[in-house]
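S.K.: One letter stands for each residue in the lines below.
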Amino acid sequence: MSTASLTRATLVKDLRMEWRSKDAINSMLFFALLVVVIFSFAFNPTAEESRHIAGGLIWVAFLFAAVVALNQTWARELRNQVLDAYRVSPAPPNALFLAKAIGNFLFVVVLECLMTPLFVIFYELRSIGPVWQLIVVALLGTWALVVNGTFFAALSIRTRSREIMLPLILFPISIPALLGMVDATTSILTGEASPDFWIKMLGVYDLVFTSICLLLFETVLNAE
Amino acid sequence: MAGTSEPSPSPVIVLDNLVKFFGRFAALRGVSASFAPGRLYVILGDNGAGKSTLLRVISGLTEPSQGSFTLLGAKRVREVADRVGYMGHAPLLYDELNGMENLRYFGGLYGIHNDEVSRKAMLMVGLDPNLMRRVGQYSQGMRQRLSLARAVLHDPELMLLDEPFSNVDVRSARDMAAVLGRVRDQGKTIFVVTHQAQLMEGVADEFVHMAAGKIESREELKGRGFSRAEGSQKELGALAP
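Here the protein sequences come in this chain order: L and A.
If you're matching positions, the first sequence starts at 6 in my numbering and goes up one per residue.
If you're matching positions, the second sequence starts at 1442 in my numbering and goes up one per residue.
I should point out that these hints are in silico values taken from the structure, not numbers from a laboratory.
Ideal Cβ positions, reconstructed from N, Cα and C, are used throughout, including at glycine.
One thing to keep in mind: the hints can contain errors.
[Stated by the list, open to error] Which chain L residues stay away from chain A? Per the calculated CB distances, all over 10 Å, these:
{"hint": "1", "residue": "Thr15"}
{"hint": "2", "residue": "Met22"}
{"hint": "3", "residue": "Gln77"}
{"hint": "4", "residue": "Val87"}
[Stated by the list, open to error] Below, a list of computed lysine to aspartate or glutamate pairs in the DMTMM-like style, where the Cα atoms sit at most 20 Å apart:
{"hint": "5", "chain 1": "L", "residue 1": "Lys27", "chain 2": "A", "residue 2": "Asp1487"}
{"hint": "6", "chain 1": "A", "residue 1": "Lys1516", "chain 2": "L", "residue 2": "Asp188"}
{"hint": "7", "chain 1": "L", "residue 1": "Lys27", "chain 2": "A", "residue 2": "Glu1537"}
{"hint": "8", "chain 1": "A", "residue 1": "Lys1655", "chain 2": "A", "residue 2": "Glu1537"}
[To be verified] Computed footprint of chain L on chain A, listed as stretches where at least three residues anywhere in the stretch have a Cβ under 8 Å from a Cβ of chain L:
{"hint": "9", "stretch": "1477-1487"}
{"hint": "10", "stretch": "1495-1502"}
{"hint": "11", "stretch": "1537-1547"}
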């Protein structure tokens, strides 16, 4: 009964449930699509302007859309009080956390894969810097959003207005990561500066916050 | 990991002055008691007597505000979590999964990766393991049965069952009570919180009456005219239409 095998089992269970209900992915897609279209009509930027503002637009859109999925993360565990079944079992709490975080990561990555072509079309985006660096930023940035989001969603599950609580807690703590994601993306799209510093910062941010979340999750899970 | 089949000779639970506050409301007001292994205890009492809170404290879901307890000889519930089965008020099942998928997942939490164990648990509670219907489409009685199967899946020494017969028809409740009698006869210790004492009269070893957050009295049920092994069957016969 290792953490890895339980993480895999919980992840497979969550993916199966999401495949059947499509609660998270549908609401995320719909939300992100709205943001892309509305921003496009609101700003109507030229290709050059797009390179400078796209980083901010993309990541704000993904952040807001991710919150929709993150709010769903623990909803299934609260229905029928299933979380209690996990809590009374000898299973390690971190397996549950990792499975939820990886599940959210996959959902948001799918969203990014589907929405990025739309961003490229609507904003006439052409990257001047290397595209592979954008992929690195996307992976590190997405993990930064979902690892904290999963943790704070767990923290707010017992509060009465958890849908509001999550962004209230998550957004301030995500500011350094968001700053890194936006600046790194803009640097790559415009080719005006090296994104190395921001990529390293995102890596450190991920490492620090993943460690903190894993250390504290058992306390959060068993909090009354 | 499945629990050992032989119960400990020492008390399975020892409660020492347990107090539990929810805000200013005291749900438990100094509960002290000791419970022997291999018996079926039925906890009775009015709403708000503290029955469910007591079970939640013992199962480790809620920390007591004061006092302490030992469970299967351990001070921390987590140390013996694989030897305890808990069935809550709610079914503790995923609506989006079918019965076998639920049991397969919850079995995995206890290191059980053999589908045969899940199939046996479903058959034991009278459910068809091949039923592909999702739990969300189950009747209330079927949910309760599956919830019981989930609680006993890992063959625990100690079972804590909170209102297992609520919203269940008489026939299903009778079947579940019979299952509990059989499980107890295998040497397990069972605690059942219920308002339906008559269902358990032929099966239980002891009634524990709670009122206002305390154990008011304990009523030994031995010598009621039939042996424990026969009890469930005789009682079932008497209740049958």
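S.K.: So Val87(L) supposedly isn't at the interface. Is its beta-carbon more than 10 Å from every beta-carbon in chain A?
M.R.: Incorrect as stated: the minimum Cβ-Cβ distance to chain A is 5 Å, not above 10 Å.
S.K.: Under 8 Å between beta-carbons, do enough residues of the stretch 1495-1502 of chain A, three at least, approach chain L for the coverage claim to hold?
M.R.: Our answer is that it holds, as 3 residues pass the Cβ test (under 8 Å) against chain L, meeting three.
S.K.: Please work out if Lys27(L) and Glu1537(A) have their alpha carbons no farther apart than 20 Å.
M.R.: Judged against 20 Å, a Cα distance of about 11 Å means the pair holds.
S.K.: Do the alpha carbons of Lys1516(A) and Asp188(L) lie within 20 Å of each other, as the hint requires?
M.R.: violated (52 Å)
S.K.: For the pair supplied as a hint, Lys27(L) and Asp1487(A), confirm whether the alpha-carbon distance does not exceed 20 Å.
M.R.: Outside the cut-off at roughly 42 Å; violated.
S.K.: Once the closest CB in chain A is found, is it more than 10 Å from Gln77(L)?
M.R.: The assertion about Gln77(L) holds, with a minimum of 12 Å to chain A.
S.K.: Holds or violated: Lys1655(A) and Glu1537(A), Cα atoms, limit 20 Å.
M.R.: Between Lys1655(A) and Glu1537(A) the Cα gap is close to 39 Å, so the pair fails against 20 Å, i.e. violated.
S.K.: How does the coverage statement for the stretch 1537-1547 of chain A fare against chain L, requiring three or more residues with Cβ below 8 Å from a Cβ of that chain?
M.R.: Holds: 5 residues of the stretch 1537-1547 of chain A have a Cβ under 8 Å from chain L.
S.K.: Grab the minimum beta-carbon distance between Thr15(L) and chain A and tell me whether it stays above 10 Å.
M.R.: Contrary to the label, Thr15(L) does not stay out of reach of chain A, its closest Cβ about 8 Å off (not over 10 Å).
S.K.: Report holds if the minimum CB distance from Met22(L) to chain A is greater than 10 Å, and violated otherwise.
M.R.: Violated, because the least Cβ-Cβ distance between Met22(L) and chain A comes to about 4 Å, which does not exceed 10 Å.
S.K.: Closer than 8 Å, Cβ to Cβ, for at least three residues: run that test on the stretch 1477-1487 of chain A against chain L and report holds or violated.
M.R.: That given contact is violated, which follows from only 0 residues of the stretch 1477-1487 of chain A lying within Cβ reach (below 8 Å) of chain L.
The structure shown violates the earlier hints numbered 1, 2, 4, 5, 6, 8 and 9.
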